[in-house]
Each structure stands twice: as structure tokens, then as C-alpha cells.
Amino acid sequence: MTIPRILLRLSIVLFLVISTTRHGGCAEPAAVVDRHVLLQKAQTWMYQIQDLDTDEAIKTLAGTKYPLLVIEPGHNHKDTPFDSQRMLKMLQTMPDGRRRLVLAYIDIGQAEDWRTYWKKDWIAPTSKTHGFPDFLITVDPDGWEGCYPVAYWDKQWKDIWLKPGGIIAELARMGFDGVFLDWIEAYDDDQIRNSAEEAQVHPEREMIRFVEEIRAVGKKIIPDFLIIPQNAPFLIDEAPERYAKTIDALAVEDTWFHGKGDVDWDDSEAGDLQNRHDGDWTTENRLLQYKKYLQRGLPVFSVDYCIKKKNVEKVYKEARKAGLRALVTRVSLSRISETPPQSFDVDAMRGVSE
Numbered sequence: 642m643t644i645p646r647i648l649l650r651l652s653i654v655l656f657l658v659i660s661t662t663r664h665g666g667c668a669e670p671a672a673v674v675d676r677h678v679l680l681q682k683a684q685t686w687m688y689q690i691q692d693l694d695t696d697e698a699i700k701t702l703a704g705t706k707y708p709l710l711v712i713e714p715g716h717n718h719k720d721t722p723f724d725s726q727r728m729l730k731m732l733q734t735m736p737d738g739r740r741r742l743v744l745a746y747i748d749i750g751q752a753e754d755w756r757t758y759w760k761k762d763w764i765a766p767t768s769k770t771h772g773f774p775d776f777l778i779t780v781d782p783d784g785w786e787g788c789y790p791v792a793y794w795d796k797q798w799k800d801i802w803l804k805p806g807g808i809i810a811e812l813a814r815m816g817f818d819g820v821f822l823d824w825i826e827a828y829d830d831d832q833i834r835n836s837a838e839e840a841q842v843h844p845e846r847e848m849i850r851f852v853e854e855i856r857a858v859g860k861k862i863i864p865d866f867l868i869i870p871q872n873a874p875f876l877i878d879e880a881p882e883r884y885a886k887t888i889d890a891l892a893v894e895d896t897w898f899h900g901k902g903d904v905d906w907d908d909s910e911a912g913d914l915q916n917r918h919d920g921d922w923t924t925e926n927r928l929l930q931y932k933k934y935l936q937r938g939l940p941v942f943s944v945d946y947c948i949k950k951k952n953v954e955k956v957y958k959e960a961r962k963a964g965l966r967a968l969v970t971r972v973s974l975s976r977i978s979e980t981p982p983q984s985f986d987v988d989a990m991r992g993v994s995e
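Each residue of the sequence shown is one higher than the last, beginning at 642 in my numbering.
FYI, nobody ran anything at the bench for these hints, they're computed from the structure.
Any given hint could turn out to be false.
[As the list claims (entries may be wrong)] No more than 27 Å apart at the CA atoms, straight line, and that leaves these computed lysine-lysine pairs for DSS-like: (1) K886 <-> K860; (2) K932 <-> K682; (3) K719 <-> K682; (4) K706 <-> K949; (5) K949 <-> K933; (6) K769 <-> K804; (7) K932 <-> K962; (8) K796 <-> K760; (9) K761 <-> K730; (10) K682 <-> K730; (11) K760 <-> K706.
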């Protein structure tokens with residue numbers, strides 16, 4: 642065998658070794674993964690961040706045909722942490738063998754008191770007083786228990802996410818395809834804006850900076866690590882091109898219907914509510930705002946919370962017309978939706994009923 646052929650074979654072997662050991666030992670599937678291509682192709686998705694702590698729940702989700710899943714990673718639950726890497730391995734391959742995108746849900750605008758980062762000496766804020774540390778500003782305005790909006794520009798808060806051993810690096814090394822950022826709209830909360838004014842920082846710009854920093858940490862480990870913020874569609878107006886370059890898609894809740902915070906799946910208020918559509922937040926204004934993302938080639942994934950069949954059908958019909966990649970489920974996000982798009986083979990989706 643000639644020297645050039647030996648070198649060629651060695652280079653191929655080396656490439657394969659690197660490909661299967663990158664991301665801290667979490668191997669990629671045999672085929673090369675282009676996450677941006679998979680994201681652009683994903684016309685439907687599923688969103689479940691509660692009740693994923695059993696094998697049965699994970700197997701049920703793994704058995705669906707959705708090309709994109711947003712899940713609670715569960716690795717930093719204080720009491721019952723998930724076997725997140727095992728869960729991820731089960732979910733990233735679809736029943737037909739194709740690669741599926743799995744994004745980790747994270748709340749970057751609120752501290753959650755069931756996470757391991759919540760220290761014993763931390764004191765929760767109230768609606769009138771800050772907590773300890775003082776980046777804990779107030780209580781969740783929608784009634785989600787144990788969730789506290791934060792001064793997200795604070796270094797101590799950022800370090801939890803951005804340091805080499807922080808949450809973003811952990812998730813990327815596990816092999817998550819990206820992160821799904823909740824409470825981006827923290828910048829628009831009145832008490833947060835008051836705290837920003839006291840700290841002499843610009844709330845919109847600081848949020849964009851935080852998202853940029855999260856992206857940078859993820860990309861050091863996975864070059865095409867995906868960033869999808871949830872809500873805050875008006876944030877793009879602060880720096881349109883800069884923000885559009887920072888994210889890979891937008892996700893939005895409640896375009897047509899919402900649910901009451903912190904209620905169970907079967908609660909009568911788990912969907913079909915419509916009292917968040919005044920002022921700038923009419924459905925028409927929201928759809929106009931989403932166009933700013935769509936025109937820049939960014940997919941918009943919508944989720945509305947409905948129980949009644951007529952509302953479900955309305956959302957899917959109107960969302961398709963608007964170019965959105967719609968999901969209708971219930972606000973607890975604790976099961977697979979019972980209302981998938983009609984284009985899906987319902988019988989092939991576990992947990993689905995007419």
C-alpha cells in the first residue's frame with residue numbers, strides 16, 4: 642500500500658473517531674446532522690415539559706412522528722433528576738429511523754425554586770419585595786408557582802447559564818440540538834423594567850446580549866446549536882438584523898387562545914381563554930409582528946391552548962394561512978397533544994384520540 646493511501650485511510654478513521662466522540666462523548670447518529678436543514682423542514686412539533694419522568698412517557702413521546710420536540714431536560718431537578726442522556730438517546734431517532742431534533746426547554750428570565758441552582762439561603766421574592774440574592778425581583782404574573790422573574794443582566798444569574806460548567810454547556814455536551822428559551826419577555830415586565838432603570842441598563846438590549854451569549858456558549862460545543870426564543874415577538878424591533886442573526890426561529894404562545902397558569906391537563910381553564918388580546922396584543926397585531934421573522938427566513942412555531950374542537954380547528958386553519966408551524970395543546974404541557982394537525986396519520990401517534 643502506498644504512503645498516500647495509508648494517509649488517506651488514517652484520515653478517514655480519524656474523522657470517524659472525532660465524529661462519534663464530539664460533544665463530550667455523546668455520539669451523533671451515523672449520518673451527518675445538519676440541524677438548520679432539519680429545522681427548516683420541521684412543519685410540526687410537540688411540546689412537553691411535565692410528566693416526563695417515567696419510561697412509559699418517554700417511550701410514548703419517542704413513538705410519535707413529530708420531527709421537532711421541545712422537552713424539559715430534567716437534569717437539574719433537585720429531588721428527582723432525569724436520566725437526561727438516556728431520554729435524549731431515545732427521542733432523537735424517529736420510529737422510521739430518521740433523525741429528530743430535540744430542544745431543551747429552559748427558563749432564562751425566571752429562577753425556578755426546584756432547580757439545583759436554587760441555594761438553601763435563597764429567599765423568594767414577593768409581589769412587593771425583592772428576594773435574596775437581589776436579582777430575584779418578583780413573582781410570576783401568570784400564577785406559575787415557584788417561578789420568579791429575575792434581573793437577567795446580573796452576573797451571578799448569568800454565570801449559572803454561561804460558565805464553562807454552566808447549564809448551556811451541560812445541555813450541549815449531553816447532545817441537545819439547541820435550547821428553547823422561555824421568559825424572553827422578562828424585559829417587558831414592569832418590575833423588571835424598574836429594576837433595569839435603577840441599574841442603569843437597557844432591558845431590551847440586555848436581553849438580546851444574553852441570548853447572544855447563550856448562543857456563543859452552545860456553539861463552542863455544537864457549531865450549529867439552535868436557539869429558539871419563546872414569545873417576545875416585539876424584541877426584534879430593538880435591533881432587527883442583530884436579533885435575527887442571533888436566533889434560528891421564533892416560538893409564540895397564545896396567538897388565538899391561552900390557558901390559565903399552573904392548572905392541570907383536565908382543568909376547564911387549560912385552554913380556550915381569550916383575554917390577552919388587547920392593545921398591541923391583538924391576534925392581528927401579533928401576526929403582523931411574526932411577519933418580520935418570516936420575511937427574514939426564520940420559521941415561526943406557534944402553540945395555542947385549546948380544549949374545544951372548534952377552537953382547535955380554527956387555530957390550525959388560521960395558523961396555516963399565516964405561515965406558522967402550529968401546535969394546539971393544553972397549558973400544562975404534560976401530555977402529547979390530542980389535537981395533531983389533520984395531515985398527520987392519527988393512528989400512528991400515541992396518545993391521540995378524536
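A quick look at each hint next to the structure:
Taking the CA atoms of K886 and K860, the gap is about 14 Å. The hint holds against a cut of 27 Å. With a C-alpha separation of about 19 Å, the suggested pairing of K932 with K682 holds against the 27 Å cut-off. At roughly 36 Å between alpha-carbon atoms, K719 and K682 are farther apart than 27 Å, so this suggested pair is violated. Distance check on the hinted pair: K706 and K949 sit about 24 Å apart at the alpha-carbon level, within 27 Å; holds.
The hinted pair formed by K949 and K933 fails the criterion: a straight-line CA distance of about 31 Å is larger than 27 Å. As the CA atoms of K769 and K804 are separated by approximately 31 Å, the hinted pair breaks the 27 Å bound. Between K932 and K962 the alpha-carbon distance is near 12 Å, which keeps this suggested pair within the 27 Å criterion. A threshold of 27 Å between alpha carbons decides the hint, and for K796 with K760 the separation of about 16 Å falls inside it, so the pair holds.
Simply put, K761 and K730 have alpha-carbon atoms about 33 Å apart, too far for the 27 Å limit, and the pair is violated. Annotation: proposed proximity of K682 to K730 holds, straight-line Cα distance about 21 Å (limit 27 Å). Restraint check: the Cα-Cα separation between K760 and K706 comes to about 39 Å, which exceeds 27 Å; the hinted pair is violated.
The structure shown violates the earlier hints numbered 3, 5, 6, 9 and 11.
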